[in-house]
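Trainee: Just so you know, the sequences run in chain order P and S. Mapping of the first sequence onto our numbering: position 289 corresponds to residue 289, and the numbering continues sequentially without gaps. Mapping of the second sequence onto our numbering: position 373 corresponds to residue 373, and the numbering continues sequentially without gaps.
Hints were generated in silico from the structure; no laboratory data involved. A couple of the hints might just be wrong.
Claimed, not checked - Below, a list of computed lysine-lysine pairs in the DSSO-like style, where the Cα atoms sit at most 27 Å apart:
| hint | chain 1 | residue 1 | chain 2 | residue 2 |
| --- | --- | --- | --- | --- |
| 1 | S | 378 | P | 231 |
| 2 | S | 66 | S | 135 |
| 3 | S | 176 | S | 66 |
| 4 | P | 167 | P | 276 |
| 5 | S | 378 | P | 104 |
| 6 | S | 156 | P | 104 |
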Amino acid sequence: MKLHVNKSRNLWWIISSSIILAGIISMAISWQLLGAPLRPSLDFVGGTRLQFERDCSLPNNCDEEVDINIVREVATSQGLADSSIQLIADRETREKNGVLIRTKTLDVEKRTQLESALSEKIGTFDSAKKQIDTVGPTLGRQLFNTGITALIVAFSGIVIYLSIRFKLDYAVFAIVATFHDILMTTGIFSIFGLLFGIEVDSLFIVALLTITGFSVNDTVVIYDRIRETLKVNPDRPIVEIVDDAVNQTLARSINTTATTLLSLVAIVLFGGETLKNFALALILGFIAGAYSSIFIASTLLAWWRERQEKSNPPSAGTNEQLTANS
Amino acid sequence: MQKQRSLLALIFLLVIAAVWVIVTIPVPLGLDLRGGSQLTIEVKTTPEIKQIGERELEAVQTVLSKRVNGLGVSEPVIQTAGNDKILVQLPGVDNPEQAERVLGGTAQLEFKTQKQNTEAQLFALRSNRQQLQVKQDELRSGNDAAAIEKNQQELKTNQEAIAELFASLETPLTGKFLTNANPLSPEQGGRGWSVSLQFNQKGGELFAELTKNLAGTGRSIGIFLDNELISAASVGPQFANTGITGGNAVIEGQFTAQDAQDLAVQLRGGSLPVPIEIVENRTVGATLGRDSIQSSIYAAVGGLIVVLIFMVLYYRLPGVIADLALIIYALLTWACFALLGVTLTLPGIAGFILSIGMAVDANVLIFERTREELRAGKSLYRSVESGFYRAFSSILDSNVTTLIACAALFWLGFGLVKGFAVTLAVGVAVSMFTAVTCSRTLMFLAIRIDSIRKPELFCPNLPTSNKAEVAK
Chain P
1 MKLHVNKSRN LWWIISSSII LAGIISMAIS WQLLGAPLRP SLDFVGGTRL
51 QFERDCSLPN NCDEEVDINI VREVATSQGL ADSSIQLIAD RETREKNGVL
101 IRTKTLDVEK RTQLESALSE KIGTFDSAKK QIDTVGPTLG RQLFNTGITA
151 LIVAFSGIVI YLSIRFKLDY AVFAIVATFH DILMTTGIFS IFGLLFGIEV
201 DSLFIVALLT ITGFSVNDTV VIYDRIRETL KVNPDRPIVE IVDDAVNQTL
251 ARSINTTATT LLSLVAIVLF GGETLKNFAL ALILGFIAGA YSSIFIASTL
301 LAWWRERQEK SNPPSAGTNE QLTANS
Chain S
1 MQKQRSLLAL IFLLVIAAVW VIVTIPVPLG LDLRGGSQLT IEVKTTPEIK
51 QIGERELEAV QTVLSKRVNG LGVSEPVIQT AGNDKILVQL PGVDNPEQAE
101 RVLGGTAQLE FKTQKQNTEA QLFALRSNRQ QLQVKQDELR SGNDAAAIEK
151 NQQELKTNQE AIAELFASLE TPLTGKFLTN ANPLSPEQGG RGWSVSLQFN
201 QKGGELFAEL TKNLAGTGRS IGIFLDNELI SAASVGPQFA NTGITGGNAV
251 IEGQFTAQDA QDLAVQLRGG SLPVPIEIVE NRTVGATLGR DSIQSSIYAA
301 VGGLIVVLIF MVLYYRLPGV IADLALIIYA LLTWACFALL GVTLTLPGIA
351 GFILSIGMAV DANVLIFERT REELRAGKSL YRSVESGFYR AFSSILDSNV
401 TTLIACAALF WLGFGLVKGF AVTLAVGVAV SMFTAVTCSR TLMFLAIRID
451 SIRKPELFCP NLPTSNKAEV AK
């Protein structure tokens, strides 16, 4: 079986554009509703997130499940009516013994007050199962800025590296493909943010950076093959060469993505709360990365080279001289 | 052949060394895994100190270290982060609230004299203060945030007005003259909890001077903590000649046992030269940390096993070799973590698991290439050879791009993110090594053994015409 990616390239382009467009629309809606294109976690806007769990080794402490309305009442009485409250179930017993509260930034006094008020109403908490995350608003902004800077620096570094290793048009399309993956991942997370309230934290930026690295990998492997074939057969039509390169590297693209996804699925299944969304972002990004390298990066390059050939006819045999230096 | 033997010996040695390192040097766990608090403390500027320099940071760090010692936490870490931040790690702390309260206060203690003819004013202001405080408590139980804010503002105005009525000595008698501070229980010293103080000699002299001036006048000593009057006491006329000597004093406020204890720790540690603010607190209970370790082990082992199985099923003999290389990879990487002193955090583990996936990539590239060459009719030896040779440029390019991303994360990284960048980068570097040395050496070793030199073991569905060629 052979995959003719170039034959139906308009289809691939339409698929990608519509997913990205949906993401952009969602980001616009998010911007209207939340003031940010994605739902930001307290890492970026500041705030306090408290997780308490009752100590069930005490007698009668966990007789009844926690009632979310009581928790809400307590929060309101503390002047925290607009905080988001969730109950958490014990992993083994499935009983709701824990609460998760996300509020504006609370200092230690207000936090202790809230904790003792809650404890009074719903039972004694186990201090070994407590989790506190507090980030001041200014620090949140700083974290966000460093995150974005890291993203830009990494991106520029990769552009420079690729431009040294490959011809400029290869580098440009590899970057376009990477940009495609980043946009898709953020777009889908924006939709998740609107639909399921999934937030993006500093690990999301890490995920984006990792996706950038991986996605460029996938594209580079295919371009590497195109470069190699062109060196041997400079006169074959570019569309054929690209189709061949995609097919020759297809097993690799799929297998590498598959093995990486296997590890990531393991993280989603067993890895605990903190890493779940991180792994989810990576999974989306890697799938987008494999897809874009096979269907987008390759077809874009073929389309561009075809146009080039049409505009300056065959005399330009030197056109295919590549800056390969491996 | 000679070269491969020595490579094989090298790999063998490295594995032994790695196992030895793993057994002897434990990889330290981050607070998110062992439980504890991590506080980021921002050092603030004041009108007097407009720029935070190394000197201020160092002074703050010293005071914080003393206070942390007062908390009795084992193996605390206190280090500067950036230009104006200090990172405090308190592993296994069981009362994070106390830690935060004790660390966060400036603890500027000062004994002041009341100015002349202000008695009536002080009395009025203090009773006003009491009313405001009662009102504040009432408001707190309701939820009118605006009213609380307004009352808070009034309290502050009141506090400033009180401070106006007192004057410092020529040499201000501050906390820096203290040699000791201890909480006093109600049984030991009068009404409610209090804090006993001991001055050094100079402090004792200043205190005597202060009390001498005020004795019998009806004016009070004002004890201020962070510019807030916490207690005011008058001095009896019998001290008019000498003042209170001996260098001992007691602060009576309306302290709870906890307050008295916190204040004593702060005073012993000394006051901070500049105000600070705790801008980040990440606390994880010990049990939660243990749960995270367990689930990450499941994830790592689960991920590894599934990948190992996949490789054997799909790539057959080379898959087995890749698996061996992968296990060597995991051992070497872990040993590198131990040697480099990488603190393992949750994102760090994710980086490690992810790098397993990447380590496979190099092998996949090589084997796919080998298969292709086999299908093109080359001999087994030549196919393997060119598989490694041709795949190398792709492996290099792809790993370099990932390393660039890691470098960006590391240089600009913050807390959690750094751990991920380090583990992923170490993983990628080690995986380059294992793919081009381990897999390669083992592969060449394997194709020397006649009984397994069967093309079916390398590539399924090879056209029969090719097989004879391959076996050569």
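Trainee: If a hint holds in the structure, say so; if it does not, say that too.
Mentor: Evaluation of the provided hints:
1. For the hint linking residue 378/S to residue 231/P, the alpha-carbon distance of about 21 Å falls within 27 Å, and the restraint holds.
2. Between residue 66/S and residue 135/S the CA atoms are separated by roughly 37 Å; this puts the pair beyond 27 Å, and the hint is violated.
3. Between the alpha carbons of residue 176/S and residue 66/S the distance comes to roughly 14 Å, so the proposed pair stays at or under 27 Å and holds.
4. Taken as a hint, the residue 167/P and residue 276/P pair is broken in the structure, with Cα atoms around 39 Å apart against an allowance of 27 Å.
5. Under the criterion of a C-alpha separation no larger than 27 Å, the hint pairing residue 378/S with residue 104/P is inconsistent with the structure, at around 67 Å.
6. A threshold of 27 Å between alpha carbons decides the hint, and for residue 156/S with residue 104/P the separation of about 23 Å falls inside it, so the pair holds.
The structure is inconsistent with the numbered hints 2, 4 and 5, although it conforms to all the rest.
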